[in-house]
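J.: If you read the protein sequences in the order shown, they are chains X and C.
Counting along the first sequence from 1, when you hit position 328 you're at 328 in the working numbering, and nothing is skipped either side.
Counting along the second sequence from 1, when you hit position 157 you're at 157 in the working numbering, and nothing is skipped either side.
Bear in mind the hints are in silico, worked out from the structure with no lab data behind them.
Just so it is clear, CB atoms sit at the ideal spot from N, CA and C, and this is done for glycine as well.
Heads up, some of the hints might be wrong.
Distance windows between CB atoms, simulated [as the list claims (entries may be wrong)]: (1) X:P125 - C:R19: 13 to 21 Å; (2) C:R13 - X:P125: 19 to 27 Å; (3) C:A38 - X:E29: 31 to 39 Å; (4) X:E29 - C:A25: 20 to 28 Å; (5) X:E243 - C:L21: 31 to 39 Å; (6) X:E29 - C:F24: 40 to 48 Å; (7) X:E144 - C:R13: 49 to 57 Å; (8) C:A2 - X:E144: 14 to 22 Å; (9) C:A2 - X:N128: 35 to 43 Å; (10) X:E162 - C:S35: 45 to 53 Å.
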Amino acid sequence: MKRFAWLSGSTPGSRVAAIGSIGLEFAREKLHLVQLQRLADGRLTLRARASVPYPEDRTELMTSPARLKALLARAFKGRPFHGREVTTALPAGDIRILSVSYAAGDDRDADAAIARVMESRLPEPLANYVIDYLPVRATQRDGERLSVVAVAGREAVVDYLELLRRAALSVRSLEIGPAAIKRLVSAMSDLREPDNVLVINFGEEVTYLTMISGRRLLLDQEVAFGERRLLAQIADTLEVSAEEARTLVYDHVLREPSRPGAPQGPDAPALNDNDVTDTLLEIIRPGLASLVEEIKRTLMYAAAETHGQAARRVYLVGSLARWRGVDRALNDMIDIEVANIPDPLVAFTNPAAGAGETAEPEIAVATGLALRDMFEHG
Amino acid sequence: MAEFDLIPGDYRRGLHHLRWLRRFALALAIAAILSGSAFAALRLGTRAVSAEIDELRGTRAVNEQLGARLAELRKQRESYASQLSLLDGLRGGTPAERMFSVVDRALGEEPVWFARWRFERAGASVEVSPDGVNTGYFIVIPKADGSPEQRAWQVETHMSISGRALDHAALSRFAARLFEQPEIDDVRVLRTSLQAQRQKRVEFDLVVVVNNGAGR
């Protein structure tokens with residue numbers, strides 16, 4: 001795969017020059033961990049990866065360092081993870097990402113200007129929040145600058161850091177999911193001609209539209225659209241319960257049967273049951289239309305910020321990315337190539353790193369987090 | 001390339017301090033363990049050395065005791081040696097039987113007869129004067145403890161002879177030849193008298209002082 005020229009399988013006998021921190025993400029259903037290493041010849045390879053399902057509700061797990069420690073022990077067991085230093089992202093519910101315009105004479109004024117803007121937008125004093133930002137538009141236009149600002153409640157941040165610390169992890173960096181996706185997409189793109197890429201990260205209740213231009217994060221927007229809404233739509237249309245609708249989707253639409261207790265082997269329903277899939281896609285198409293409106297608005301915004309450069313591709317990540325045909329349906333509705341994000345680990349052929357585990361688009365965030373050290377080092 | 005990092009600065013600094021505190025505590029613990037171990041090792045070593053010293057002290061006490069005993073025995077041996085020397089001295093000198101041959105050699109063909117012959121060995125304790133000149137045969141007596149003066153035993157052996165001679169000339173030759181004998185120190189004629197009888201023999205008494213160093 002040409003795009004992954006910087007990522008390749010480890011050659012037996014290649015000397016490891018640097019090992020990055022572990023990219024750690026608390027996804028909706030699983031804990032994802034990815035660790036990369038740079039070989040002496042400059043290539044990046046996967047050192048270890050793990051995706052372990054939560055034994056209980058994620059919210060419950062995140063209140064107990066002891067249970068998290070036990071889960072981590074399961075994840076680390078038998079896998080060649082090195083050290084316990086992690087780069088992680090706050091769970092999406094704990095963070096708000098905003099695009100903020102502000103007037104600032106120079107970079108030194110930016111901190112104060114953003115603080116003033118955020119003070120007016122946030123309900124509590126600034127001391128109760130942790131705020132960081134990345135400039136999107138550094139050059140002045142009409143005296144205004146633009147930054148992507150990440151805001152999280154200070155208590156939530158400290159609780160999260162303490163949870164990890166008490167679970168015997170050392171946090172090297174704490175960032176946001178969209179930044180990790182941006183890093184992964186940037187690394188996959190041809191750097192000589194930076195792409196404008198829209199990444200759609202589907203959640204259960206909300207979806208995030210992340211606009212990336214080359215190595216810049218232009219926008220991260222939250223949209224009230226999620227898997228649950230589509231399941232409700234299917235249930236209403238077919239006059240079945242939400243749980244039955246979910247079972248139907250798990251058995252006929254998902255790219256892999258992940259429902260606990262789902263039939264496996266020769267008795268399992270054929271996954272290429274196109275009639276059922278097409279029917280279900282027709283049901284959710286009106287629901288997807290509302291998302292498409294948001295996508296088009298985002299693409300217009302990106303074009304304005306990048307002097308008319310159109311987005312070349314849309315990547316899908318998250319829950320709906322596992323639904324067969326969603327990419328095709330969206331492709332029909334917008335005039336841009338839509339595809340699931342390529343499995344970021346497909347280029348790694350290190351058998352010791354977790355061979356046999358199913359590759360998932362969800363591992364993209366953890367891979368993007370793990371890449372942070374590699375770019376800093378390399 | 002700038003990146004997001006939402007770890008609060010004060011939290012990061014707190015962790016940094018905590019890490020240093022832990023290292024410091026660990027270093028302190030290690031230092032304490034090392035000090036304790038060193039103290040224990042020194043104590044153990046000191047105990048071993050003390051035991052050795054005690055043993056050496058005991059050995060020295062025994063040695064001193066043995067030394068004192070040895071000195072006492074040496075002193076006793078010296079005392080016995082002195083006494084032996086004294087006894088040797090007292091027993092020494094020219095033997096009485098040899099005196100017969102000495103007198104016989106001095107007598108030759110002289111017309112001298114012996115009526116009474118007494119051989120005597122006698123001694124007297126005298127003070128040894130460092131500056132004076134003593135004559136005779138002296139046996140130094142071991143100095144008694146606390147005695148300020150050195151005494152010696154002056155041994156004198158002599159023979160008293162009474163007899164008759166044909167005449168004074170014969171007595172004189174006999175006395176002269178006796179005096180010439182190396183075993184004899186002195187010959188003193190104590191008395192002579194002519195007999196009132198017809199032959200007019202000379203009766204005499206003389207003392208012969210025997211040289212105590214000769215013949216030994």
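J.: Taking the CB of E144 (chain X) and the CB of R13 (chain C), does the distance hold inside 49 to 57 Å?
T.: Violated, at about 34 Å.
J.: Is it true that the C-beta distance of A2 (chain C) to N128 (chain X) lies inside 35 to 43 Å, as the hint says?
T.: The hint (35 to 43 Å, Cβ to Cβ) is violated, given that A2 (chain C) and N128 (chain X) are roughly 25 Å apart.
J.: If you check the beta carbons of A2 (chain C) and E144 (chain X), does the distance land in 14 to 22 Å?
T.: About 19 Å separates the Cβ atoms of A2 (chain C) and E144 (chain X), which means 14 to 22 Å holds.
J.: When you take the CB atoms of E243 (chain X) and L21 (chain C), is the distance between them in 31 to 39 Å?
T.: violated, 52 Å
J.: Could you see if the CB distance from R13 (chain C) to P125 (chain X) stays within 19 to 27 Å?
T.: Given range 19 to 27 Å: holds, Cβ gap about 21 Å.
J.: A38 (chain C) and E29 (chain X), beta-carbon distance inside 31 to 39 Å?
T.: violated, 57 Å
J.: Does the Cβ-Cβ separation between P125 (chain X) and R19 (chain C) fall within 13 to 21 Å?
T.: At roughly 30 Å between Cβ atoms, R19 (chain C) and P125 (chain X) fall outside 13 to 21 Å, so the hint is violated.
J.: Is the hinted range of 45 to 53 Å satisfied by the C-beta distance from E162 (chain X) to S35 (chain C)?
T.: Distance hint for E162 (chain X), S35 (chain C) is violated at roughly 35 Å.
J.: Verify the CB-CB distance for E29 (chain X) and A25 (chain C) against the hinted window 20 to 28 Å.
T.: Check failed, 41 Å falls outside 20 to 28 Å.
J.: Please test the hint of 40 to 48 Å on the beta carbon pair from E29 (chain X) and F24 (chain C).
T.: holds, 43 Å
When each numbered hint is compared with the structure, violations occur for hints 1, 3, 4, 5, 7, 9 and 10.
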